[in-house]
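Number of protein chains: 2
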Amino acid sequence: MRLVKLDLDHAPYDILIARDLLTQVQHILPLLPQKRVAIVTNETVAPLYLPQLQVALEANGVQVQAIVLPDGEKYKTWETLNLIFDGLLGARAERKTTLIALGGGVIGDMTGFAAAVYQRGVPFIQIPTTLLAQVDSSVGGKTAINHPLGKNMIGSFYQPKLVLADLSTLDTLPPREFSAGLAEIIKYGLIDDLAFFEWLEANIDVLMARDTDALAHAVEHSCQNKARIVAADEKEHGQRALLNLGHTFGHAIEAGLGYGAWLHGEAVAAGMVLAALASKELGQISATDLERITALIAKAGLPTVSPALGAERYLDLMAQDKKVDAGKIKFILMRRLGESYIGELTVPVIQAALTAGCAAA
Amino acid sequence: MRLVKLDLDHAPYDILIARDLLTQVQHILPLLPQKRVAIVTNETVAPLYLPQLQVALEANGVQVQAIVLPDGEKYKTWETLNLIFDGLLGARAERKTTLIALGGGVIGDMTGFAAAVYQRGVPFIQIPTTLLAQVDSSVGGKTAINHPLGKNMIGSFYQPKLVLADLSTLDTLPPREFSAGLAEIIKYGLIDDLAFFEWLEANIDVLMARDTDALAHAVEHSCQNKARIVAADEKEHGQRALLNLGHTFGHAIEAGLGYGAWLHGEAVAAGMVLAALASKELGQISATDLERITALIAKAGLPTVSPALGAERYLDLMAQDKKVDAGKIKFILMRRLGESYIGELTVPVIQAALTAGCAAA
Ligand SMILES: NC(=O)c1ccc[n+]([C@@H]2O[C@H](COP(=O)([O-])OP(=O)(O)OC[C@H]3O[C@@H](n4cnc5c(N)ncnc54)[C@H](O)[C@@H]3O)[C@@H](O)[C@H]2O)c1
Ligand SMILES: NC(=O)c1ccc[n+]([C@@H]2O[C@H](COP(=O)([O-])OP(=O)(O)OC[C@H]3O[C@@H](n4cnc5c(N)ncnc54)[C@H](O)[C@@H]3O)[C@@H](O)[C@H]2O)c1
Ligand SMILES: [Zn+2]
Ligand SMILES: [Zn+2]
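If you read the protein sequences in the order shown, they are chains A and X. Position 199 (the first sequence) corresponds to 199 in my numbering; numbering is contiguous. Position 60 (the second sequence) corresponds to 60 in my numbering; numbering is contiguous.
Derived by calculation from the structure, the hints in this document are not laboratory data. Do not rely on the hints blindly, as some may be mistaken.
Claimed, not checked - Here are some of the chain X residues that sit facing chain A, going by a computed Cβ distance under 10 Å:
| # | residue |
| --- | --- |
| 1 | 80 |
| 2 | 82 |
| 3 | 89 |
| 4 | 90 |
| 5 | 114 |
| 6 | 117 |
| 7 | 157 |
| 8 | 341 |
We put the beta carbon where it would ideally sit given N, CA and C, even for glycine.
With these hints in hand, go ahead and build the complete structure from the sequences.
Quick look at the structure:
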């Protein structure tokens, strides 16, 4: 078992990484202020993993309420969140009831937010079951729901008491979802960890084969890297923005194609290639660096060519996402391979990157 | 001007108390991270006080968005909260936009919660315009909305950057609302401040005449008392429960009569008399003490006799509100005049208090 320790908000907690963690409830039991939990999950994950967890908890005298939500980003709304509150209040759950999120980032974000605001805050445990949730959304304490006028617009910073990253749950993850998680993993290498990037280059094939040791290493390293960046900037005032590498372009791709056409990780992958192209345009990374980045992303089963939305449309979409000051947009760029920084791009450089990085119209 | 300093959540802030504060925006301006605010108010308060505040801010170059909600506790819901988010997102308000609550406790609680969760937290300023909000709801950082299955069930602990208690706004407060605020003020005397209780006895007539000096003293003292109790127990684990003096009975009255029939402060007033009767029953306060309490509450324009719901119904309602352990219910009781504690009552003592304190059926 691997262990990453987080200390945010003066509330340190552990991320445990291993196979078969789901039934090892000895990690959960000492954290419960009351032998009562509500497991929040969705219709896809419940049949796969809810019974094992529920039985293991009940065998230890824990009263378990299961709240099964519909599956999908489009349900990451107040209405669905309210199903959690309806369930908790209907069962008279008190402030000592612990909420357990069992699912991907959507379930984690919603359950975390529910825990943050139910009776002004109840304890919360994360059991992320997608690769993306294990390496990204379950780390750092951001929780949220969407609003019709914007993604993740309503939420809290709220830390869990424990994260159990059970690698066995990844066995059932569809290949596209698996690759989407790899995009965020590659991102950590590019932000500030060349050694990890090189490890990924050497191990991408075993990773794609979902080898346990390789996965454990990748998840542990990713959590450590994200934890380090987040701990230095918990409320997102500065350096945490590095985690948005590939995301400004990526969000434009997601919005431009219509949400759901590409997975978030896929859009981020293509977005990182665009960020690399722009950095090369600025003379900061070499053609070889660019090739290495593109090759790794391709081997991870991710797109390296962005959709042909047209430069105008990209610029419009990015201007909606970010502030544009005097014709410049903030981007995360690469100073060299394995080192990113918060910078700005002028419109001509963005256009050049798009010309090089988008499919022919 | 009077000043009470609060230091909660490592984010110290001031409560300023005086007439005509509304237009003294020099207190607000230095706190704005961006010259942009959204004032949240309601249809009753907006025509009375919004223009003055808005004009004063705009005269100082602050961009003001007004969000006017319907008036009433029944609108303290997610749907109304969402009107705030719709407004903010429609105007593309960012994380540096400050929310200003201009109104009573309902507006303060909702705006505070909106500020806590909009983009995971934006700055927040309270301008309470009811006596209850000035002495109670604006102090301590509790924010919330109601859920169909319970009051204040969804919320956050979130501190404002500043509270401006403008005593002039109380000029237009209806008499029943004014008296409701006095109930909470009397409560502070009974919790742990005999000197303040005696000051209230001596000054209740000038207070009822809304004399500025008397009001300033009462608001200042109440804020200090609440601040002291809250600072010792910010997240409500122990002593903060003293603030519920009169509230267990009071909630039963509110629920038993149907919410809205009695104002919260009226129910708390009658509830404090019941708590005094129970304490006398236990031999802890004298008949004279009881008379002094009842006389002050009556002079404040508040009910001293509780409605005849029947003891069974009271017990049922209180059991729904509180946990009942082995036939005992937690109550805030009086050890002596001006000193309360967290105790328990047996059913016979509750019945005796109800017999003495309720109207004839
Ligand atoms: N809080 C943060 O810091 C943060 C960071 C990144 C992303 N996010 C959020 O995370 C969400 C995306 O998370 P995601 O990629 O996990 O998506 P997701 O939660 O929608 O999961 C993807 C799909 O996989 C299914 N699934 C989950 N676990 C499975 C398993 N073990 N086997 C088979 N199927 C499984 C889900 O039901 C879903 O259909 C977005 O809403 C995003 O905003 C949050
Ligand atoms: N957060 C806390 O710690 C806390 C504590 C106590 C109460 N509360 C909450 O506060 C709410 C009650 O607050 P309230 O008593 O202020 O009720 P309220 O906000 O409903 O105000 C009472 C009425 O007075 C009107 N009003 C407000 N200011 C006025 C003015 N200056 N002139 C004329 N009319 C005015 C309002 O529009 C409303 O109709 C409840 O929702 C309660 O849950 C919160
Ligand atoms: Zn991402
Ligand atoms: Zn009250």
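Please flag the earlier hints that this structure goes against, numbers listed from lowest up.
-> Numbers 1, 8 - these are the hints that the structure violates, sorted from lowest upward.
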